[in-house]
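**Student:** Note that the protein sequences, when read in sequence, are chains A and B. Going by the numbering used here, the first sequence opens with residue 17, and the numbers climb by one from there. Going by the numbering used here, the second sequence opens with residue 19, and the numbers climb by one from there.
If you're looking for bench data, these hints aren't it; they were derived computationally from the structure. One thing to keep in mind: the hints can contain errors.
[What the hints assert, rightly or not] Keeping only pairs whose Cα atoms sit at most 25 angstroms apart, straight-line, the calculated DSS-like set for lysine-lysine is:
{"no.": "1", "chain 1": "B", "residue 1": "Lys685", "chain 2": "A", "residue 2": "Lys128"}
{"no.": "2", "chain 1": "B", "residue 1": "Lys472", "chain 2": "B", "residue 2": "Lys521"}
{"no.": "3", "chain 1": "B", "residue 1": "Lys21", "chain 2": "A", "residue 2": "Lys135"}
Take a look at the letters that make up each chain.
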Amino acid sequence: MLRTTNLQKVFTTEEVETTALNGIDMEIKDGEFVAIMGPSGCGKSTLLNILGLLDNPSEGVYDFYGTDVSKMSERQRAQIRKGNIGFVFQSFNLIDELTVYENVELPLLYLKTPPNERKDRVEAALTRMNMMHRRNHFPQQLSGGQQQRTAIARAVVATPKTILADEPTGNLDSKNGEEVMNLLRQLNEGGTTIIMVTHSPYDAGFAHRIVNLFDGKIVTEKVHV
Amino acid sequence: MIKNYFRIAFRNLWRNKTFSFITVFGLAVGLTCCLLLFMYVSHELSYDNFQQKADRIVRVTMEYSLDGNVGKAPVTGTKVAPEFVRAFPEVEAGVRLMNSSAIVRHGDQRFNEKRVVYADSSLFRVFSFGLLKGNPQTALAGPNQLVLSKSTARKYFGTEDPLGKVVRVDARRGESDYTITGVVEDAPLNSQIKYDILASFSTLDVSKREEWWSANYATYLLLRTPEALAGLKAKVPGYMKSKSAETEMVGNNYLSYNLEPLRRVHLHSEVEGNFEPNGDLLYIYIFGSIAVLILIIACVNYVNLATTRAVERAQEVGVRKVMGALPTQLFGQFIGESIIITFIALLLGLLLSSLALPLFNQLSDRQFSFNQWLEPANLLVVVGIGVVVSLIAGIYPALVLTRYQPVRVLKGHLKTTGAGNFRRTLIVFQFAITAFLIISTFVVQNQLKYIQNKKLGYDKEHVVILPADRQVGEKIQALKSEFKQNSSVQQVSMAYESPVFVKGGYAMRRSDMPEDQYKMVAGLPVDEDFVKTMGLRILAGSDLTRQDMQLAPVMFGDTANYYHFIINEAAAKELGWTPQQAVGQKIDMGQNRKGEVKAVVENFHFASMRDKIGPLVIFPEGYGNVVLVKLSGSQLTNTLQFMENKWNTLIPSRPFEYEFLDQEFNKLYATETRTGRIFSVFAFLSIFLACLGLFGLSAYTTALRTKEIGIRKVLGASIGSIVALLSQEFLKLVLIAIVIASPLAWYAMDRWLQDFTYRIDIPWWTFLVAGVLAVGVALLTVSIQSIKAALMNPVKSLKTE
Chain A
17 MLRTTNLQKV FTTEEVETTA LNGIDMEIKD GEFVAIMGPS GCGKSTLLNI
67 LGLLDNPSEG VYDFYGTDVS KMSERQRAQI RKGNIGFVFQ SFNLIDELTV
117 YENVELPLLY LKTPPNERKD RVEAALTRMN MMHRRNHFPQ QLSGGQQQRT
167 AIARAVVATP KTILADEPTG NLDSKNGEEV MNLLRQLNEG GTTIIMVTHS
217 PYDAGFAHRI VNLFDGKIVT EKVHV
Chain B
19 MIKNYFRIAF RNLWRNKTFS FITVFGLAVG LTCCLLLFMY VSHELSYDNF
69 QQKADRIVRV TMEYSLDGNV GKAPVTGTKV APEFVRAFPE VEAGVRLMNS
119 SAIVRHGDQR FNEKRVVYAD SSLFRVFSFG LLKGNPQTAL AGPNQLVLSK
169 STARKYFGTE DPLGKVVRVD ARRGESDYTI TGVVEDAPLN SQIKYDILAS
219 FSTLDVSKRE EWWSANYATY LLLRTPEALA GLKAKVPGYM KSKSAETEMV
269 GNNYLSYNLE PLRRVHLHSE VEGNFEPNGD LLYIYIFGSI AVLILIIACV
319 NYVNLATTRA VERAQEVGVR KVMGALPTQL FGQFIGESII ITFIALLLGL
369 LLSSLALPLF NQLSDRQFSF NQWLEPANLL VVVGIGVVVS LIAGIYPALV
419 LTRYQPVRVL KGHLKTTGAG NFRRTLIVFQ FAITAFLIIS TFVVQNQLKY
469 IQNKKLGYDK EHVVILPADR QVGEKIQALK SEFKQNSSVQ QVSMAYESPV
519 FVKGGYAMRR SDMPEDQYKM VAGLPVDEDF VKTMGLRILA GSDLTRQDMQ
569 LAPVMFGDTA NYYHFIINEA AAKELGWTPQ QAVGQKIDMG QNRKGEVKAV
619 VENFHFASMR DKIGPLVIFP EGYGNVVLVK LSGSQLTNTL QFMENKWNTL
669 IPSRPFEYEF LDQEFNKLYA TETRTGRIFS VFAFLSIFLA CLGLFGLSAY
719 TTALRTKEIG IRKVLGASIG SIVALLSQEF LKLVLIAIVI ASPLAWYAMD
769 RWLQDFTYRI DIPWWTFLVA GVLAVGVALL TVSIQSIKAA LMNPVKSLKT
819 E
């Protein structure tokens, strides 16, 4: 379970202080599918970064499966991140110099997974995402949908408990977007917790619960049945 | 994981061909320069290291004082070696060497051997010259014995065994048969003693007498222990004082000896080398610094391009961090990439340096071979250079890249790398080095031009020097009249040595000076046609005549009745006369040369421009080592052919060899000329490398500003204003670099010029020209990119976002 208590995030530059998050209390249960919505600049991505252990809150507590991670160093966070959280980005963020196979393999390399097991798991993930036939292609040679499927394969290859998706369909057409959302739903049905930031009400419809942010605060929460 | 790094490094190199080319090629050129200069420096530093007893061998040099004039020479009389072995228990052995030349004949073969070294039989006991054939104890023991170097033996005898063979040797002291008693390894290139033929010292008449004076011999001592040197050095002056009656040095006059450790002779001695010119530590520093500077320029290119490109790699770093990469792992990855790039460059550099080696040998006047790189010690240095460069070039980019915050880069917040000031500093540094080298090149070339064009006081154009000996001397009159049959031959004269560099030192006194007072002067024995041949200007008095010659001795050692001297202005002044007063005054040059001043000639440069023109006495004596022939300059080839024919008829025993006086003159400045050439080449390379880096850098920064350029163009900016915008930042940096480099270059070059008594003042325009050159080339480099960017359609450039 993930739980935040009075989460604050303030960005300070030389001249201005911007409060991106202002007292966020939320709880995400194992196996839940949560969508975070809100207008641009409301703090969605900041929240997602903190939930994904890419950033620390300025104040408040973040309980990540029973550990307070809010004061951890980047090094400690990196250790927890790998294997526990998978990321899916709007702009895919595949490494251009690596092939599909090599991109998917990357998290396992950092986890020091033995070569044989690595091969099996990468192939399983690629098969699941229907990308095996493209395994030796480079990202530039793929369509947007294929790139995002690769990115999802990379996110799931280490079988993390949680996947964070930041506008995963933002750069895709509706057909490919639909396909990606179906994949996420399948993962969720398999037991993976999914937290997704989106602008699209349609995509949000896939979630169990929608959290609406405005000016760094939760304004409404809606639970689907 | 390592495989993954390698893969990504190679794919990166492959995908960014411009960047890769600039980085790898730039580093390779830098490493090539560094490798070649390292070869030179390490060669100079390795002198005599191969001598197994080097730490116990010392060279003896002479120091004497006559009336307050202190002289130092790399030679001693014949007595020093045997006397020191007898008198000082710390001396184990001594060896005397004399460098000479001889015509050697075997069957039909006839060669003028220029590196004939007469040596005591103790040579092989003291030095580690490997004797391949013969007995080291006896090979040089008896008179008329020769030991040939391996290649000389091959030249005369091919594959035949030369031991016991007899050759005819025509040396200055006469002609006789010599028996070959050994074959020795060729003298190593890094040996201060150079020989093609070793001859037994006991052949020489002088070997039978032990004399303090008549200092013509290099003397080396083998000490019992290396530690004995300090004590022995301290004992010598006292010992020599006790011998003052023998040396005839009384009162404040003295004769003493300095001892130099063998390995310090080539670079650290204050007196010259006996067998070849010594090296100069200054030039070791200069070349070493150039090597390091060029390498730094190449490294800066790498650092600059890599940090600029870091923007493009930021996303990769972000992804890797999100996937759980630790900072140390990323750091390792980027250092690894720099190692890969450096070692590709290093391999290319080795290839380039092997291709450039013949050129470099010409440039540096050395004979290096590529095999030297394959020696383990050198290979270690090469690899060491590679590792150091990888680290120097790789650390900063690796730090920059590792520092990226994944949250920021993945969201595309990163537009500048934050390394702008550091990069700017590096560019300034690079161009400061370049400007420094350009200015230095100009100054060195100017000084060389100044030396070439300076009025020497004699005519160095179209004068041919023919090496001569006793037999030529006997036939000189016949030779003169035969040569003069050709109308292109204007004058012919015989002299003891060429007027380019007069080495002979004499003690001269005015006859009214007390007996024990002398002035040290340079002296040059000549014949009656010397002044005319060299075009010297007589200020007072009249030229030497045939009658003057007849009063002078014909053979070395003869005594003459009466001498007619020609002195230069400086000598007249030294003796307290005006040129007019000097004529007719009585002077003498030692016991055996008494006479009067017949003429005073205008000062001319008979030594290097490093030294002030000193007093010189020219006097008639009938023997010489050179024949000087003044030609009109037309039909040179025919005239030389004509002279060769005449020579061969008159003097069949000696091959016809010639050299032009201006070539001889240029040899005086060989080191400077070499430095000038090396400076030019490396200044060019440094500007090339700096521009290569600038080209890459401007390409990337321009690419980063594509959106800005698009917006400006939409708003109505002209192409010219955009080119100016993109170029001015780089130009500012280059200008700052020139401002920093100018005073440094001025200081360094002024120090270098202080070596010369006759020198240029550093012209102000040197800095201007260097500045214009650097700015011009930089502008050209940058504008290629900026014009391209400025011409781009704004719709296209705005789309890149």
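**Student:** Does each hint fit the structure? Answer for all of them.
**Tutor:** Now the hints, each set against the structure:
1. B/Lys685 to A/Lys128: violated, 68 angstroms
2. B/Lys472 to B/Lys521: Given pair B/Lys472, B/Lys521 holds - Cα atoms ~21 angstroms apart, limit 25 angstroms.
3. B/Lys21 to A/Lys135: holds, 15 angstroms
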